[in-house]
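**Student:** Could you put the whole structure together from the sequences, leaning on the hints where they help?
Number of protein chains: 2
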Amino acid sequence: MTSTHPSLIERLHAVVGDAGLVLDAERQAAYLTDWPRKWTGRTPVVVRPNSTEETAAVMRLCHQTRTPVVPQGGNTGMTGAGIPDMDGAQIIVSMNRMNRILEVDATSNTMTVEAGVILASVQQAAADANRFFPLSLGAEGSCTIGGNLATNAGGISVLRYGNARDLALGVEVVLADGRVWDGLRALRKDNSGYDLRNLFIGSEGTLGVITRAVLKLFPAQHGRATAWVGLRSHKEAVALLSLTQSICGDRIIAFEMMSEFGMSMILRHVADTQRPLSGVHPYYVLIELADAQQELPGTLLEEALAAALEAGLADDAVLAVNDRQRQQFWKIREGVSQAQLREGHPLKHDIALPIARLVSFIDEANALIAASFPQLPVLNFGHIGDGNLHYNVLLPHGLADDERERLTAEVNLCIHDLAIAYRGSISAEHGVGRLRRDELRRYKSAVEKDLMRSIKATLDPDQLLNPGKVL
Amino acid sequence: MTSTHPSLIERLHAVVGDAGLVLDAERQAAYLTDWPRKWTGRTPVVVRPNSTEETAAVMRLCHQTRTPVVPQGGNTGMTGAGIPDMDGAQIIVSMNRMNRILEVDATSNTMTVEAGVILASVQQAAADANRFFPLSLGAEGSCTIGGNLATNAGGISVLRYGNARDLALGVEVVLADGRVWDGLRALRKDNSGYDLRNLFIGSEGTLGVITRAVLKLFPAQHGRATAWVGLRSHKEAVALLSLTQSICGDRIIAFEMMSEFGMSMILRHVADTQRPLSGVHPYYVLIELADAQQELPGTLLEEALAAALEAGLADDAVLAVNDRQRQQFWKIREGVSQAQLREGHPLKHDIALPIARLVSFIDEANALIAASFPQLPVLNFGHIGDGNLHYNVLLPHGLADDERERLTAEVNLCIHDLAIAYRGSISAEHGVGRLRRDELRRYKSAVEKDLMRSIKATLDPDQLLNPGKVL
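Top to bottom, those sequences are chains A and B. If you count by the UniProt record's numbering, then the first sequence holds residues 1 to 471, one letter each, in order. If you count by the UniProt record's numbering, then the second sequence holds residues 1 to 471, one letter each, in order.
If you are wondering where the hints come from, they were derived from the structure by calculation, not from laboratory data. Careful: at least some of the hints might be erroneous.
Because identical chains cannot be distinguished in the list, a pair is counted as satisfied if it fits within a single copy or across any two copies.
Lysine to any residue pairs mimicking SDA-like chemistry, simulated, CA-CA at most 25 Å apart [claimed, not checked]:
hint	residue 1	residue 2
1	Lys235	Ala129
2	Lys456	Ala370
3	Lys348	Arg37
4	Lys235	Ala106
5	Lys348	Arg324
6	Lys235	Glu103
7	Lys456	Met78
8	Lys235	Asp363
**Tutor:** Following this line, the structure appears as structure tokens:
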């Protein structure tokens, strides 16, 4: 165990007080293991600053004592970015006390929040002001907006509203040396200098600690329509996306695909789920439209589905008749995460592709897996509207550790080499963290790695911010 | 005149050939004076590479010989960012030969272009594929998409579609030393590392030369509705924006305000313009809605206008009955630039503010100008929906140079100090270039200037890229 500077904890205590320090092992446990239970680390102390000033003072102390820092939000990440290593030298700076909504400005359509506000609270505060905050993902009840911005979270409405970075007008960031960059702007246009905001957003805590943000709000969506569609293959899914866009415009907020393999797995493992359609189809699509007008989404989606059935792109389709049914559709879609864990050990792949290349990617990946790993089933689902495919491969439970590690490495290499050959990304929305760091080194060009490293060296010359992540 | 490396032009010739070099003064003239005719510079040579490889070879030569470079697009910028200084040492690298549209992918909703493609050609190519590329601004017939990205252009549909940076999925950039960063991705999600794309976009050619881009396309907007509204004051304009958003959702693509002072000026100076409404009103707003559905925008806009008249927010309103009338409305809006030049010497201010603070900013600015410069009329218009105000102050023609310079400095200081006090921006969409460089130094925090300078030093250590601009 590396040693922590002797007076550090005392000095941190002077900044954040008793409520701001977590020293005992039992209370630290929740901060030290990530949500998928893939990584566990050790830390001398979890520090919970209560303001930007306290965060800055904490970072100044860490800078003076050369103490490495792991910033943490709701600890719901998929790549281990928020977990310290096992050396026990890295302190965790948790933002979970900075959880105030500072302002909702319905005229400007903005909300100013501290980094530790839970995403669901942001959504609720927007709804309370008759506005809409579109970021939405499985962990929304426990993830924080600061974590969403640090990882540039995606989720289910990217097609219409973009990723987390597109939903923030400004951020405030505490730098590695404790200085504060005040980029907390509520402006929809600002061309006065370099875009620092987007550099910090998505940098997974390796360039600075996001402490506050100004978020974009949208007009409330009073109308919503959701359909479940049965299809012959993934090829029809991509064609159906084009057809739906041509009829419904850009008010499609979600376009999610799933195979029958995934569907049957969910029906087996997730309580209170049933088939929305009477028949069995090789593939399914969940489509959701939203609009300020109440009636419109239903009318348009019906029109699109009729055209799809007519054109032979869809084999069967049903429109949710009420909110309960709509939630049942989503329960299926969201049941994937749980079901796959019951079925096996999922090797998750978070691939992004140009939409026009999805079909051939899936065909080629299926052929590769069938040839090299004929015993391994493929669970293939995702945000097709964004070109984001969760092309997961299931290992059986109970494999020996070394066998599981060997297969993981081989399958990842196979899928990720193919994604790169298709000019895709090996991390669409999950980020890099610890999970994809070595692979990033394999796939990024020398120029890009050099640019990233020199920016890191400029902003964090002592490598104190989230060491061992991303780069 | 600073000397150019003796063999440079010969070596450039070996890269780009005769067609790629402009050496004679007459042909150089169009590259050496900017569109508002505010800046003129000198250059030993204008180099026009025909490919990324040629651009990279040119930059390598400039790097080897320590030759400063001014990248140039359509030369329509507002801040002198594309014009060299008078020393005669800076070479111009014009992208105007790299004007090919490389791919239109209607399934992925993307278009891949070279940097020198004219914006109007991008719009047309999208329309030809039954898609929509929303970036639209006065100079669209001559500005290039590379210049739009380098300056993060705004224009008239930011409210709905964002700025230029929001419309590019990927860019390819030649760096200061001639290396090429291949960020030419057609992905809607990519969290595999730092967001380098947004660092180059909006950096006004000071961090790299954008050579190609993948642009986002949208479903074709078959329906469009445009209204001209007469109002009591700017206060009603902001309230009308909220009301229109609540009824029409986010399909409002333009929400433009203008005062009667501006209107009467346009009627005097711009041919074929007439009042859309019979009466005279202190303020006017142009609202435009677009949607994939043909009928919807008209129906919704009518509903919004009826509600506005009912609520006393609008005094009169007219909906364009056909495309000709719609163009007449826009002709008034776009006539401002021309009319103000006839009326005086406009001191242009490109202010961005939180939308809720527009009204009090205008009130306070009017009071300040009336108190300190009672002889100077204010021409106040802009993209209200984005919080972007062109708060221009007109100097009379024929002032002595020193008097004009004194007034310019005093008025800018007054307006820009106020904008900063309101947590606004002194450059919403025009950029910094040479025009606002000194002011940027005044208004940016020490931390922000330090971050910008260290990023510049990292990416362009020899200060060869567009020296004297932005920083």
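**Student:** For every hint, state whether the structure bears it out.
**Tutor:** Outcome of the hint check:
1. Lys235 with Ala129: between (41 Å within a copy, 21 Å between copies)
2. Lys456 with Ala370: neither (41 Å within a copy, 49 Å between copies)
3. Lys348 with Arg37: Intra 14 Å, inter 57 Å, cutoff 25 Å: intra-copy only.
4. Lys235 with Ala106: between (42 Å within a copy, 16 Å between copies)
5. Lys348 with Arg324: The answer is neither: 30 Å in one copy and 55 Å across copies each exceed 25 Å.
6. Lys235 with Glu103: between (46 Å within a copy, 22 Å between copies)
7. Lys456 with Met78: Intra 22 Å, inter 33 Å, cutoff 25 Å: intra-copy only.
8. Lys235 with Asp363: This pair counts as within: shortest intra-copy Cα distance 10 Å, inter-copy 58 Å.
Checked against the numbered hints given earlier, this structure breaks hints 2, 5; the rest are met.
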